[in-house]
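Chain by chain, the residues run as shown.
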Amino acid sequence: MSFRTVLGKSLVVASSTVAVLGMGVLAAAAQSQPPINVVINQSPWLEGFASIVEEYEDETGNRVSLDVNPYAGSLEKQRNAVRSDKSEFDLLIVNGIFYPEMYHGGFLEPLTKIDPDFELDPQIYTYGDTPWFDAETKTVNRETGDLLTVPVNPNITLLYYRKDLYDEKGLTAPETFEELLENAKLFHNPPEMYGIVQRASRAAVSVTWDFFPYINGYGGSFFQDESIGDYVVTINSEAGRKALEMYITLAKEAGPENTASLTQGDLIQFLVTGKAAHSVLPVAAWAQMDDPNKSIIPGKIDYATLPHADGFASTPALGHWLAGIPKNLDDAQKVAALEFLKWFQKPETQIAYAELGGAPVSSAAYESDFAEKPENRYMLAMRTASPQAKGLWTIPEGAEIAAITELGLNRAVAGEITVVDALNSMAKDMEKVLSDAGYKTGRLPDLK
Amino acid sequence: MTSVQLGWMPKYGSLFPAIVFFLALAALPVANLLFLSFMEISWEGGVVQREFVGLENYAALADDPLLKAGISNTLILVVVATSCQVALGLALALACSSLGNSSRLYRTLFILPILIPGIIIGAIWRLMYNFQFGIINQGLDLLGIPAIDWLGSPHLALASVIVVDIWHWTPFSFLLLLAAVEGLPKDVSEAAKVDGATAWQEFRRVSLPLLWPAIVTTFIFRAVIAFKVFDEVFLLTSGGPGTATEVISFTIYQRFFLQDNPGYGSAISVAVIFSVALVIAIALQMQNRREATR
Amino acid sequence: MSNAVKTERRWPKEKIVLHAAMILAVIITLGPFVWIALSAFKTQIVLLMGDITFSPVSYNFDEVLFDRRSTYPQNFLNSLIVASISTMLVIVIAFLAGYSLLRMNWPRWVLNAFLVWAMLFNLVPPVSLASAWYELFRTVNLSIDLISLTLAHTTLNLPMALWLLIAFFREVPKELEEAAFVDGARFFTLLRRVIVPVMMPGIVAVAVLVFIFSWNEFPVALALTNNKTATVPVAIAKFVQEEEIKYTQMAAASVLSAIPALLALIFGQRFIVKGLTAGAVK
Chain A
1 MSFRTVLGKS LVVASSTVAV LGMGVLAAAA QSQPPINVVI NQSPWLEGFA SIVEEYEDET
61 GNRVSLDVNP YAGSLEKQRN AVRSDKSEFD LLIVNGIFYP EMYHGGFLEP LTKIDPDFEL
121 DPQIYTYGDT PWFDAETKTV NRETGDLLTV PVNPNITLLY YRKDLYDEKG LTAPETFEEL
181 LENAKLFHNP PEMYGIVQRA SRAAVSVTWD FFPYINGYGG SFFQDESIGD YVVTINSEAG
241 RKALEMYITL AKEAGPENTA SLTQGDLIQF LVTGKAAHSV LPVAAWAQMD DPNKSIIPGK
301 IDYATLPHAD GFASTPALGH WLAGIPKNLD DAQKVAALEF LKWFQKPETQ IAYAELGGAP
361 VSSAAYESDF AEKPENRYML AMRTASPQAK GLWTIPEGAE IAAITELGLN RAVAGEITVV
421 DALNSMAKDM EKVLSDAGYK TGRLPDLK
Chain B
1 MTSVQLGWMP KYGSLFPAIV FFLALAALPV ANLLFLSFME ISWEGGVVQR EFVGLENYAA
61 LADDPLLKAG ISNTLILVVV ATSCQVALGL ALALACSSLG NSSRLYRTLF ILPILIPGII
121 IGAIWRLMYN FQFGIINQGL DLLGIPAIDW LGSPHLALAS VIVVDIWHWT PFSFLLLLAA
181 VEGLPKDVSE AAKVDGATAW QEFRRVSLPL LWPAIVTTFI FRAVIAFKVF DEVFLLTSGG
241 PGTATEVISF TIYQRFFLQD NPGYGSAISV AVIFSVALVI AIALQMQNRR EATR
Chain C
1 MSNAVKTERR WPKEKIVLHA AMILAVIITL GPFVWIALSA FKTQIVLLMG DITFSPVSYN
61 FDEVLFDRRS TYPQNFLNSL IVASISTMLV IVIAFLAGYS LLRMNWPRWV LNAFLVWAML
121 FNLVPPVSLA SAWYELFRTV NLSIDLISLT LAHTTLNLPM ALWLLIAFFR EVPKELEEAA
181 FVDGARFFTL LRRVIVPVMM PGIVAVAVLV FIFSWNEFPV ALALTNNKTA TVPVAIAKFV
241 QEEEIKYTQM AAASVLSAIP ALLALIFGQR FIVKGLTAGA VK
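Chains as they are written, first to last, in this note's numbering: chain A, 1 to 448; chain B, 1 to 294; chain C, 1 to 282.
Check the hints yourself; a few may be wrong.
[What the hints assert, rightly or not] Mimicking EDC-like on lysine to aspartate or glutamate, the simulated pairs with C-alpha atoms at most 20 Å apart in a straight line are:
#1 A:LYS327 x C:GLU135
#2 A:LYS138 x B:ASP260
#3 A:LYS86 x B:GLU44
#4 A:LYS163 x A:GLU178
#5 A:LYS252 x A:GLU168
#6 A:LYS300 x A:GLU192
#7 A:LYS428 x B:ASP63
#8 C:LYS228 x A:GLU76
#9 C:LYS228 x A:GLU54
#10 A:LYS448 x A:GLU245
#11 A:LYS86 x C:ASP145
#12 A:LYS113 x B:GLU44
#13 A:LYS342 x B:ASP63
#14 A:LYS432 x B:GLU40
#15 A:LYS428 x B:ASP187
#16 A:LYS242 x A:GLU178
#17 A:LYS86 x B:GLU40
#18 B:LYS11 x C:ASP145
#19 A:LYS300 x A:GLU168
#20 A:LYS390 x A:ASP129
#21 A:LYS327 x B:GLU44
#22 B:LYS68 x A:GLU416
#23 A:LYS432 x B:ASP187
#24 B:LYS186 x C:GLU171
#25 A:LYS86 x C:GLU171
#26 A:LYS113 x A:GLU339
#27 C:LYS228 x A:GLU47
#28 A:LYS390 x A:GLU175
#29 B:LYS186 x C:GLU175
#30 C:LYS174 x B:ASP187
#31 A:LYS327 x A:GLU175
#32 A:LYS242 x A:GLU175
#33 C:LYS228 x A:GLU416
[What the hints assert, rightly or not] Covered stretches of chain C (chain B as the covering partner; in silico rule of three or more C-beta atoms under 8 Å from a C-beta of chain B):
#34 62-75
#35 98-108
[As the list claims (entries may be wrong)] Listed next, with one range per pair, are the computed distances between beta-carbon atoms:
#36 A:THR384 x B:ALA24: 52 to 62 Å
#37 B:GLN285 x C:PHE66: 48 to 58 Å
#38 A:ASP331 x B:VAL47: 30 to 40 Å
#39 B:VAL47 x A:GLU59: 37 to 47 Å
#40 B:ALA24 x A:LYS86: 38 to 48 Å
Rather than coming from a laboratory, the hints here were simulated on the basis of the structure. As the structure is a computational prediction, the values presented were derived from the model and not from experiment. A virtual CB, placed ideally from N, CA and C, is assigned to each residue, including glycine.
Please construct the entire structure, taking both the sequences and the accompanying hints into account.
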C-alpha cells in the first residue's frame, strides 16, 4: 500500500468522521422539540406516511414514533388514551367516520390554542369543513368553530372503470347514473364480466357509505340540514327512493346475483381479476389495481368522480383521516405535535408526500406535474372529486344510525323488503335514535 | 381425611395465588361491568359524565332487534356446534387411544386447526366460500353441481359459519377428551372384556360413565367459548346477510364499542352472564347428583 | 367408532377400517389448513383468481419477516414470552388451587363458587376487560410492559385451567393419596411424586390449550401493547386493512405463528405417553 493511498484513505476517514460528527451536532442543535408518539392504523397509505415522517425527522432532528395498529384497533387505542389521565399519544390519526366522538366529547385541543397564529394552509382541502367544530352549537362549522384537526389522508370514493373497454367502444366516463346504468349493461356478460359490482354487505359502516353518494347524487340527504343542527330525517324522500331504486337496478340488471353479500374485498377481487367493468371504491384501493402481483389488469382501470342525477352535484363520501392533538397532554408535547402538522401541511411537503407514495391532502400536490403522470391518473379524478366530497354525519350517534341503515339497505338490496318499506322503517328508527339523543328531529311523511 | 394430616398451611397456601389473581385482576372488570350496566356514560369537554339510570338499560333489552336475532343465532350455533365437536372429539379420541402409538401422527394433525388465529380463519374461509371464485364452488363445479352462495344466502349463512366453527374447534374437545380417555384405568375395561362384554356394552357401561364428567366439562366449556364467538364471524359475514349470522358478542361489540354505549352494552353482558350462570348451575347440579348416585 | 375401538385386538380387519376412517378425518381437518399454508406461497392475484396450479413465491415470508417496517420477529418473541410465562403461571396456580379445592375439605360452596365464578369470567366481553385493565395497569404504570399482558393472560386463562384440572382431579383415585399418607409423605413430595405423574395427561392437555389461547388472544393484547410489545395476533390483524386484506402475507404470518404451538404439541405428545406409563394408574 503506497503512502499516498494511506494518506488519501485516512483523509477520507477523517473528513467523513468530522462530517458525521458535524451532522450529529447540527441535528442535536436543530432538534427543538421533544419526541412525539403518533397513533395510526395500518393501511395501504401508511408506507407513504412513514416515509414523510422520516423526512421530517431528517430535516428537523425532531423524533416521531408511529404506533401502528390494526384498522379495527386504532379507535379503541385512541379512546383509551384520550379518556385516561394522560394520553400516551401526542397525535391521533382519526377516521373521517368516527371523528365526531372526539369532537363532541371535547377530547381535542383547538390548534389555535396551542399556537394562536396557526392556520390551515389555504391549499389543503377541507373535506366538508370537517376540521372545524363549534363546541357551543355542537356543529361542524368553519365560521364559528375552532380548528381541531388537520386532514392527513383524503380517502374518498371514486368510480373505478375499465378504461380499455371504454376506449374499445369509444365511450367516456359516465356523468349521470343513467349513463352508468347504460354502460354497465353494455359490458354485463356474466359470469365472465359483470357490468358493475357494488357493495351491499352489512358491517360497521359499509353499504351506508357506498349508498351515500347515490342519495346525495339525487339531491337527497340523510338529514335536513346538519350545519344548523336540523336533524329531521330525510332519507325517506323521493330522492332517497330514486337513489335506492337505482342502486338495486344496477345490481339486478348489471351486477352479480350476490350483491347483497359483497364486501369491499370482494369488489376489489372482481376488479383485479378482470371480472368487473365498474365499481365504487375508496381511492386508497387504486394502488392494488396496477400492481402485477395483485392484479391481472394493470394500467386498465381509470378513475372518475361519482355519477349524479341530472341537475345535481357529484358527491363522493368522505372516509378521510384527520390529525388531532389530545387535550390531556403537557403543553410541550402539544407544541411538538403541532410543529409536525405545520410542516406536514406545507405545499412542498405535500408534493413530496405524493412522490413518496403517500396520499396528499393539498391541491398543491394534485395540481403538480406529478399528478399529470399516467401512473398517477387517480389524482386527476381526485382534483375534481375532493372539493365535492361530503361526510356521512358529524354527530357521534353516527355508529348507531349506521347500525340501522346497514341493516335496512342490506335487506332492501337482498330483496327481503321493498324499497319503500326499507326507507320508511329506517327513517322511523333513525328518528328515534336522534330524539333519544336530544336532537331537534322528526321525519318526512312515509313514502307510499 | 387427607387435610387433617396436611394441616392448614397447604390448604390455604395452595388456594392463595388463585384468590390473589381473582381479586386483583378479575374482580375489577366484573364489578365495573355490573356498575356500568346501571349507568348512562357520556363525555363532555373531555370529562366523563355518569348518570345513574337504574334498570333502564335492562328494560331496553326487550326491544333490541339485533339482540333478539343474536340470541337465537348464538343458541343454535352453541348447541349444534358444541354437540358436533364433542361427539367428533370423543370419537377421534377413542379411536386414537385404541390405536395407541400408531396414532401419534393423527394426534398432532387433528390439533392443527386450533393453532390458527380466528381472524385468519374468517378471512381464508371467506375466500374458500366465495361464490364466484371460491375453491368449494370450484369443487362442486367439477361434480356438476351449480355454485352455492354459502355466505350470502340467509338460509345457509349460519350453517356455513357453524361448519367453520366445528372445523376450528373440534381439536379443543379432542384434546381434552383424549386426555380423559388416556387417563381411564385400563384394568377396568380389561376386566369387562374378560367377563365377555361386547365392545358396545363395555363402552356404554364402563368407559362412558367414567368419561362422563370430562364430557360434561368439555361440553360446558366449549359451549361457553362458543358463546363468545366473534373473530371468525367478523370477517366471514359481519353478522349478515340481514341478521342471519348476528351473534351476541357481535351485538355487544356493536352497542358497547362501536356505538360507544358502555351502559347498555354492559347490561347485555350481565344479562347474558346471568342466564348462562343459571344453565351452568343446573348442569353442575345434575352432574353432582349423577356423581352421588355413582 | 367405539365398536371398532374395543374390538381391534379380536378382529385386526377392524383396525384397517379404523385407519381408513382416521385418514378421512385427517383429510377433512387438514384440507383448509393446507389451503392456508399454500396461500402463503401464492401471489395475491393467483389466490384471488382461485387458480389451482401456481408457481410458488417466497415474497410473503420476505415481507412478513424482513420488510424494513416489519415488526414480526419482535412480535413473535413477545408472544413467546407472554404465552410461556403465563402458561406456567396458570398451570401452577390452577393445579394448586384445584388440588386444594377438591381434596382439602373446603366446604362445597367454596368449590362451587370458584367453579361458577371461573365460568362466568369467561363470559365477560373482551372489550370491557380490555378497557378496565388498561385503566388499572396505567394507574400502576405497567401499560407499556409485557408484564401487564402476561398477568392479564394469566387471569384470562386461569378459569379454564382451574375447571379442567378439577375435572381431571376428580378422576384421580383417592386411594393413591391415602397410600402415600400411610408412607408419611409431605405435601410437596406428595404432589410431585404421586399426583403430578397421574395428572400428567391432563396437565399437558390443559397447558397446550392455555398456551394456544394465550398465543391467539387478540382484544386484550391489542389494548395492552404498543408497537414494541405487540403480539403475533395483533401483527396478523394489521393485514386486515380498510381497503385491502393482505391474504397471502396473513397466511404466511399464520403459518409461522403455528410453529411454536406445533412444537409444543409434538413435544407434549411424548409427555402424555410418559405421564401415562410413569403414572400409578395401572
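Taking the hints in turn, this is what the structure says about them:
no.: 1; hint: A:LYS327 x C:GLU135; verdict: holds (18 Å)
no.: 2; hint: A:LYS138 x B:ASP260; verdict: holds (18 Å)
no.: 3; hint: A:LYS86 x B:GLU44; verdict: holds (17 Å)
no.: 4; hint: A:LYS163 x A:GLU178; verdict: holds (19 Å)
no.: 5; hint: A:LYS252 x A:GLU168; verdict: violated (25 Å)
no.: 6; hint: A:LYS300 x A:GLU192; verdict: holds (17 Å)
no.: 7; hint: A:LYS428 x B:ASP63; verdict: holds (15 Å)
no.: 8; hint: C:LYS228 x A:GLU76; verdict: holds (18 Å)
no.: 9; hint: C:LYS228 x A:GLU54; verdict: holds (18 Å)
no.: 10; hint: A:LYS448 x A:GLU245; verdict: holds (14 Å)
no.: 11; hint: A:LYS86 x C:ASP145; verdict: holds (17 Å)
no.: 12; hint: A:LYS113 x B:GLU44; verdict: holds (19 Å)
no.: 13; hint: A:LYS342 x B:ASP63; verdict: violated (49 Å)
no.: 14; hint: A:LYS432 x B:GLU40; verdict: holds (17 Å)
no.: 15; hint: A:LYS428 x B:ASP187; verdict: violated (70 Å)
no.: 16; hint: A:LYS242 x A:GLU178; verdict: holds (12 Å)
no.: 17; hint: A:LYS86 x B:GLU40; verdict: violated (23 Å)
no.: 18; hint: B:LYS11 x C:ASP145; verdict: violated (33 Å)
no.: 19; hint: A:LYS300 x A:GLU168; verdict: holds (12 Å)
no.: 20; hint: A:LYS390 x A:ASP129; verdict: holds (9 Å)
no.: 21; hint: A:LYS327 x B:GLU44; verdict: holds (13 Å)
no.: 22; hint: B:LYS68 x A:GLU416; verdict: holds (18 Å)
no.: 23; hint: A:LYS432 x B:ASP187; verdict: violated (69 Å)
no.: 24; hint: B:LYS186 x C:GLU171; verdict: holds (13 Å)
no.: 25; hint: A:LYS86 x C:GLU171; verdict: violated (52 Å)
no.: 26; hint: A:LYS113 x A:GLU339; verdict: holds (13 Å)
no.: 27; hint: C:LYS228 x A:GLU47; verdict: holds (18 Å)
no.: 28; hint: A:LYS390 x A:GLU175; verdict: holds (18 Å)
no.: 29; hint: B:LYS186 x C:GLU175; verdict: holds (17 Å)
no.: 30; hint: C:LYS174 x B:ASP187; verdict: holds (17 Å)
no.: 31; hint: A:LYS327 x A:GLU175; verdict: violated (44 Å)
no.: 32; hint: A:LYS242 x A:GLU175; verdict: holds (17 Å)
no.: 33; hint: C:LYS228 x A:GLU416; verdict: violated (48 Å)
no.: 34; hint: 62-75; verdict: violated (count 0)
no.: 35; hint: 98-108; verdict: holds (count 7)
no.: 36; hint: A:THR384 x B:ALA24: 52 to 62 Å; verdict: holds (59 Å)
no.: 37; hint: B:GLN285 x C:PHE66: 48 to 58 Å; verdict: holds (57 Å)
no.: 38; hint: A:ASP331 x B:VAL47: 30 to 40 Å; verdict: violated (19 Å)
no.: 39; hint: B:VAL47 x A:GLU59: 37 to 47 Å; verdict: holds (38 Å)
no.: 40; hint: B:ALA24 x A:LYS86: 38 to 48 Å; verdict: violated (23 Å)
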